[in-house]
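Given chain A's structure and the hints, the job is docking chain B onto it.
Chains as they are written, first to last, in my numbering: chain A, 2 to 504; chain B, 8 to 433.
Watch out, some of these pointers could steer you wrong.
Said to hold, decoys possible - Subject to a maximum C-alpha distance of 30 Å in a straight line, what follows is the list of computed DSS-like cross-link-like pairs (lysine-lysine):
1) A:Lys387 with B:Lys290
2) A:Lys137 with A:Lys299
3) B:Lys378 with B:Lys16
4) B:Lys382 with A:Lys236
5) B:Lys375 with B:Lys329
6) A:Lys344 with A:Lys158
7) B:Lys139 with B:Lys113
8) B:Lys152 with A:Lys137
9) B:Lys375 with B:Lys14
10) B:Lys290 with B:Lys314
11) B:Lys23 with B:Lys139
12) B:Lys314 with B:Lys382
13) B:Lys285 with B:Lys156
14) A:Lys64 with B:Lys285
15) B:Lys329 with A:Lys137
16) B:Lys225 with B:Lys92
17) A:Lys236 with B:Lys139
18) B:Lys168 with B:Lys92
19) A:Lys387 with B:Lys108
20) A:Lys236 with A:Lys125
21) B:Lys329 with A:Lys387
22) B:Lys96 with B:Lys108
23) A:Lys132 with A:Lys299
24) B:Lys96 with A:Lys387
25) A:Lys387 with A:Lys64
26) A:Lys236 with B:Lys329
27) A:Lys137 with B:Lys375
28) A:Lys63 with B:Lys285
Said to hold, decoys possible - For the chain A half of the interface with chain B, some residues (derived, Cβ under 8 Å), not all of them:
29) Ile17
30) Asn139
31) Glu140
32) Arg259
33) Tyr310
34) Phe312
35) Asp316
36) Tyr317
37) Asp461
38) Ser499
FYI, nobody ran anything at the bench for these hints, they're computed from the structure.
The beta carbon of each residue, even a glycine, is placed where N, CA and C say it ideally should be.
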Amino acid sequence: AMLDPDSGLSLTIARIVQRLQGSSLHSQLERQARVSLHKPEIKLESLKEDIKDFLKTSGWEKKLQNAVYSELNVFPSPCHPAAPPEHMKEPLAYMRKAQGSWEKRILKSLNSMCTELSIPLAQKRPVNEQKELLNKWNEMGTDEPDLSLFRPVYAPKDFLEVLMNLRNPNYDNGEQPSFRTHLGLIQVPLKVKDIPELKEDFSELGLTTGQLGIDDSAQVPPEFFENEHVRVGQKVLAEQDSAAAQQYVRQGCPTALRADLWALILNISNQPEDILYYEQLKSNVIQHDLLVDSLIYKDVKLTASNDDYYFVFEDYLYQVLLCFSRDTSVLEHFTYSSATPPKSYIRGKLGIEEYAVFYPPNGKINYNSFILPVAPLCFLYHEPPKLYQIFREMYVRFFFRLHSISSHPSGIVSLCLLFETLLQTHLPQLFYHLREIGAQPLRISFKWMVRAFSGYLATDQLLLLWDRILGYNSLEILAVLAAAVFAFRAVNLMEVTSLAAAE
Amino acid sequence: CRIMAGKVKWVTDIEKSVLINNFEKRGWIQVAENEDWNFYWMSVQTIRNVFSVETGYRLSDDQIVNHFPNHYELTRKDLMVKNIKRYRKELEKEGSPLAEKDENGKYIYLDFVPVTFMLPADYNLFVEEFRKNPSSTWIMKPCGKAQGKGIFLINKLSQIKKWSRDSKTSSFVSQSSKEAYVISLYINNPLLIGGKKFDLRLYVLVSTYRPLRCYMYKLGFCRFCTVKYTPSTSELDNMFVHLTNVAIQKHGDDYNHIHGGKWTVSNLRLYLESTRGKEVTNKLFDEIHWIIVQSLKAVAPVMNNDKHCFECYGYDIIIDDKLKPWLIEVNASPSLTSSTANDRILKYNLINDTLNIAVPNGEIPDCKWNKSPPKEVLGNYEVLYDEEMAQSDGHDRELRSRSGQSTGVKGNRARDSGKPVLTTWK
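Here chain A stands alone, though its shape is the one from the complex (with noise of 0.2 Å):
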């Protein structure tokens, strides 16, 4: 729905308002305000102004804007007044049904599995184990537990099929087949970006702008690019600005700069109540027992174990998820996500709503396709309390959009769609010939989209890749690249005669 701008931006101001009314910042901002009535230069005349002044140059208005900045980033802007709250979960009713169908599919099989096992989806353990558990916190990975009766509740490929089966019923594609058809798997008509408009919108990566990761190879002199693009990244840490961060990153991060780069755009400070939080999740776990956590478990030792890059970490990825499934501060994020989190009851008060919690805590099921992406994060953060803040932003900023059906552009449907339009438009002999022996393009990239490449990347080279996703807020480049690698094995690619061969 069309809204004039005003009134569009007096709304997101007011919730904007509303969001940080409710947040640290504005304690600490009114706790500066009251200790700065004590200083000199603060005179009663000119109150307002001179308290003003002093939370400029004290470096708190440059805190303020960006908390501003970052609820930009994460929330859409509001739709019209009168629209229900589904639509900014997901504008489109059909996306939002097929979610839901998707959702209670998955739900049915994990309540199946439990059912199977008998193990309730979640208990409290007994003292023992708790004190168990926690003297072996920091080393999970050590534990061998069965988990051979454990099955992960979906596979890519099953969401894939989903994808695959999306149609608009409002669409009528009553064209005669011709070579404007869409070849590829996904078949709903969302808009997605062609590429003069991909090159206007990510402007940083044209040929004449300088790239880390390319402009900074041991061949080209350091005194063309990358000396003063590190340069200009301590002055940008220097400075603490959020906005000039995200808009630094386009051009890639230097390593020795990219652990507080991010935090700075993702807007993570070394918080007090930050540790403290971190440590109730950690005792939520130790206390209680859910049947997600040995989902979690396996996905676990069935990836990142074996990952040559990520192996070292391991004990780790249990810690950051096992807290996160317990965060229920993630639920935020249904808000403007397509998906709706499930609902449990206590044992005996089926449909009663007093008894109704979410399952897990924080809403998430499978974690099949995270584990990839959190290891990445451990070569930056050694420290697990930050590794984990860094995470859940991360999550519910992108990551999110890879396991949900939704319209949007950064959802995992109009990446795909997005993946097969450039290969069919700029590559149509390669999509032509792949479809003909069986091996449909999507088939082969939706693992690394759905994975943000990650483990199918050395981890410099992912690290890179992430960099542009911050600096554009957006995983359309997820797109780009899956499109590109196809490209440039163009020629091997036309040899071969089956999907096997090609992947």
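Then chain B, alone, in the frame of chain A:
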């Protein structure tokens, strides 16, 4: 057979595919030990025989072997320490700034081997040192064994009573060198990554000791312990926690056959740069190169610099949590067994690059050649130190490139000492 006259004839007593595949791909011909051979990849037992006074024989100009006759000066734990101590004392006597000490009497630039004593010979000296830090842990290693065999940790004098007795009675009892041990201060504050302990395995090729010319293989790796590291005393007996040798780790419950608990050095660098910063990471790698070169310089004077020889060493290095590297030991026969697919590729390429440098153009060698391969054949090796070039060139020459980027930082210490040590080390 006349057609084969131009091809290199090879022998080996180490039946490993990474070696044999490399010989075959060059079209070399396998022969037996008692035939005319040009290239012999020997085990350390064989090299002992070749150069022994009784059974040895003269090598001719077209024969090359992969060990120096007395490599054990570097590769036996007790002799390595002895040579380094001697080297330091010599530098000190000369008044070299390299031998400078700090206020606690520790060498500033040459303190890279953990405090070590020979047992039973130095038993009393050891006890004196032990009593200074009674809560310290020490690691006992048999001098003549490899692959982590026979190693154990102690933290009480009673645990090495045997050597105390032996030291008292040893004056007329000849100790078989096989029973000699070294005891070193155990580094109980290793750098941990993901909570796990690891050590570094780096390959270094030496083509000549005088002048010293050595190359470092860019693709070293980290070996992680599969079990979480804890410094607690109850875990002293659990060798899976403390020893990173793959031979030991392979039998632990958590050993993984896909990655083998190994990480590339470039992963290590990425992790350290991201979490600690670029300067300290560069400094660490500089120091690692430094200690390797110093260890080679320490043994160079006593090495039999036989022109028929080259050698590829496996250096084991541990990094502590202050990012200081420690030299643990040097292996003359680094394992050529592959524990994973990645491993096999790495070792295959290692041998390939080694052969390209040691046997130029894959042709019948002439041991009189100047041992100066052109840059193009180095493959994954980089020049670590070239004494000849250092001497001829004076200062401002870049010898090391760190991750491919030239840095050209001058070594001030080196110039002051008047010694022809060219470094990019600060």
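Which hint numbers does the structure go against, in order from smallest to largest?
4, 5, 8, 10, 11, 13, 17, 19, 20, 24, 27, 29 and 38
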